[in-house]
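Novice: Based on the sequences and whatever the hints tell you, model everything.
Protein chains: 2
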Amino acid sequence: MTLNEAIEKLNELEKAAYALGHAQSILYTDGDTVAPKNSWKGRGMALAYLGELTYKQLVNPETGEVLETILQHKEEVPEKTFRQAEEMKESYDDLHVLPMEEFIAWQELTNESSAVWHDAKVRSDWKMFEPYLEKVLAARRRFASLKAPEKPAYDVLVDEYEKGATMEMLDPFFRTLREELAPVIKEVAAREKPVPAFLKNTWPIAQQRVFSEKIMALEGIDPLNCTLGETEHPFTNNTNKWDVRITTHYHEEDPLSSMFSVIHEGGHALYELNTADDLQFTCLAGGSTMGIHESQSRFYENILARSRAFCTPLLKVMREVFPDRMKGVTEEDLYSAINLSKPSLIRTEADELTYPLHVMIRYEIERAMLSGDLAVKDIPGEWNRLYKEVLDVDVPDDRRGCLQDSHWSFGGIGYFPSYALGSAYGVQMLRQMEKTVDVWGSVARGDLSPATAWLTEKIHQYGRLKKPQEILLNAMGGPLDATVYTDYLKKKYSELYSL
Amino acid sequence: MTLNEAIEKLNELEKAAYALGHAQSILYTDGDTVAPKNSWKGRGMALAYLGELTYKQLVNPETGEVLETILQHKEEVPEKTFRQAEEMKESYDDLHVLPMEEFIAWQELTNESSAVWHDAKVRSDWKMFEPYLEKVLAARRRFASLKAPEKPAYDVLVDEYEKGATMEMLDPFFRTLREELAPVIKEVAAREKPVPAFLKNTWPIAQQRVFSEKIMALEGIDPLNCTLGETEHPFTNNTNKWDVRITTHYHEEDPLSSMFSVIHEGGHALYELNTADDLQFTCLAGGSTMGIHESQSRFYENILARSRAFCTPLLKVMREVFPDRMKGVTEEDLYSAINLSKPSLIRTEADELTYPLHVMIRYEIERAMLSGDLAVKDIPGEWNRLYKEVLDVDVPDDRRGCLQDSHWSFGGIGYFPSYALGSAYGVQMLRQMEKTVDVWGSVARGDLSPATAWLTEKIHQYGRLKKPQEILLNAMGGPLDATVYTDYLKKKYSELYSL
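Going line by line, the protein sequences match chains A and V. The first sequence begins at 5 in the numbering used here and counts up by one. The second sequence begins at 5 in the numbering used here and counts up by one.
Bear in mind the hints are in silico, worked out from the structure with no lab data behind them. Hints should not be assumed to be uniformly reliable.
Remember, identical chains collapse to one label, so a pair may be satisfied in a single copy or spanning two.
Unchecked claim - Taking lysine to any residue and the SDA-like style, the derived pairs with C-alpha atoms no more than 20 Å apart in a straight line are:
(1) Lys19 <-> Gly55
(2) Lys19 <-> Trp44
(3) Lys320 <-> Ser498
(4) Lys84 <-> Tyr96
(5) Lys381 <-> Ala143
Specialist: In structure tokens, the structure reads:
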């Protein structure tokens, strides 16, 4: 095979992968937003077939030859082409080890397991979910052993979401988070503040929808390229930079829950929306690692939107949409309200300070699950024990305990660390950004574009064109350092709670 | 190839066709409802690829052999299998004559042409659309000549939407409509009634959304299997009976426009929702001809929902949702209001009496376009001349004239007659239904289920299992007779306008 033939074939593979991925992405998004409840059966059939096609396109001797041909000619091909081949080779290697029957069985298992988890969560019935998690775990172990038999299984899984991450690096990272944050969390809990009166209200969903539009505009999201849907567990999906979907969930008694969902998913969206045009429709679009993706969503959600500066434009918008309810509320009131901290049960609703320890607990459990130190049947007990030990909260039922997150049900064991890593990356990025950008001045004026321009330049534009470590080093100005993150949290909450 | 091998292969073809069709249907629905405006490019790429796969699955020597093998063993296979092979053979024959490059070029052309039509309509700029319609027309002519060179091109196209329909049958049909209805339309126009005061109001869209839910419930649509979206030009899409999507468009100044859209699309939906379970995921689901499909949508929209009996439950629902606006409005007021008749410009907003002549005008123009008697550039003039001659209205611009409908832009030349045929079929079905069902008593009680049960038994359940002519004869109790339809309209409007 000549190099030119290989490049031509690579472009065909990209075209097919884009089309199949596009269809799958829209089917998932539609299924979780506007599709009728009973539509799962037909969607499952369609997704299974599209998945099989995706597998067949990628896993065949010709693809291997195409990719090898390009990878052997690094000096002769453009950086983009080389990186496409490298990225596709990784997917190829991942899938290649898995016989097609196992791939199809895996898809069927996670489809079913997700549906069972949904019901098990509603009923708070761990026993119902347990046999599925057993199977998911066995399949993930098997996958890890096929892919890299010489490595600990959990390292193989984590690496899928956060390239290069290992337990050797995550153990001290989470240890630092716990040691540095646990005392602060305790002190803050001792000075618990009440929920302010203005929040104890109903916030009609029709008005919250208007509020969402204004929040998206404030965040700098172009509605021509990104729309907002409604779902149970908010997520972001995208097919290309001109077609991004974010989602939220409205609660009538709380406008902040949906608002922070919109801003968080909006952060994921901005990453996609600002990736370079010429990476679109290739495997180099769609962002780098999950940790880097979460660094962006959590940058907008926490670092920017829970800042003192953001309360200036936020209060303006809230007064426009909810004039009666916001009467007499000051920026300081709002800043305090959006940063109330209290050890609690639900990760996705946790405040910025306690959040990383929710993740740490999941890391401990996943690690023990994979090593075999923790049996699946013992997860609820261990979960509740850790919540008591680490956050001093009593878990009343599994719905609000070990059944709260969807990740394990779809096979995402090893994903959780990305959330904490992303948060830490974000603060190190902030420290670099502050050197050249008037972050807080512009945010206070309701202008997030200087921050977004910096993130675009350092991160968003590249998609996967640069490798994750290169992107991170460039954006953080140095390697990961958990204490930059914990210092940021300690300072912020010491001021908020006058410690 | 043995018969068993052929049947097995048929099932595989059905599975692939279902999956690809499912994805395409959801991509279209999503694109016309919640997708961001700029998403067309990626969607176009995905649809082109899925279309190519669909073509390749169907058009190859093996498929031909599979279908022939089954068709040669009519006595040995179940009716369902035989009909699957027959229906698939029709699609095969249709596509087979078209080389793949032409098929792809056709998809690209209609994609582009649809987009151009949208803009041309907004700008009321016929010249902008003209070159695209020229190309669409040439492609449709070419297709007709490849498929059946011995037949008039328009007959070939009409047959695609309404099996067996020809100009020989449509000419006298439309002649009867015009001769019988034109005088009544004239008399009614002379007794024009004013729009009643209660309709001159604003109807907040948030409340109209609630109204839609109640109207769907009244129509008997299960939200677990069918959801409502919002779009510019309402349509129905479905993948199977557990996944149907209807759409509507809200106008703040008029709640009836959206309501009748919901009921019309709901009629299409009920057809799909009531098709037999064992036809799902095969080419025998998805309803029979377009005329039969329109007979169902228009049955619910006009025959049932614009009846005197329906005004009893309708007024109740409107009073629940819009108590202030409906104060003092009687059932008689409502019946008169939903049946105001006046020659007008827009087909989709036309009343039940004038509607068929809107269709007749389109039939005349399409017929002349295909025969070559009418050049594309002369369509606006001919359109306006016919609207003046037939309905005595002056067309002020092409936006409200020959650019109003999307059909030609996507290649649907020959579709329009289905609307008038469907309306006529519906009245003949009603006359049969009335023999055994207390249609008006049950409708007045807000119960449409007896009518739906009759339609399900005679039509819906079969999907394409029976041939269209068999379904029609069985449901209408005899062949098409335009005077049954015109008599119904003449009687209804003579009473309404005391002629």
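Novice: Against this structure, judge whether each hint is valid.
Specialist: We went through each hint and held it up to the structure:
1. Lys19 <-> Gly55: both (15 Å within a copy, 13 Å between copies)
2. Lys19 <-> Trp44: Intra 27 Å, inter 16 Å, cutoff 20 Å: inter-copy only.
3. Lys320 <-> Ser498: Classified as neither; 27 Å inside a copy, 60 Å across copies.
4. Lys84 <-> Tyr96: Within one copy only: 18 Å inside, 41 Å across.
5. Lys381 <-> Ala143: Within one copy only: 17 Å inside a chain, 64 Å across chains, cut-off 20 Å.
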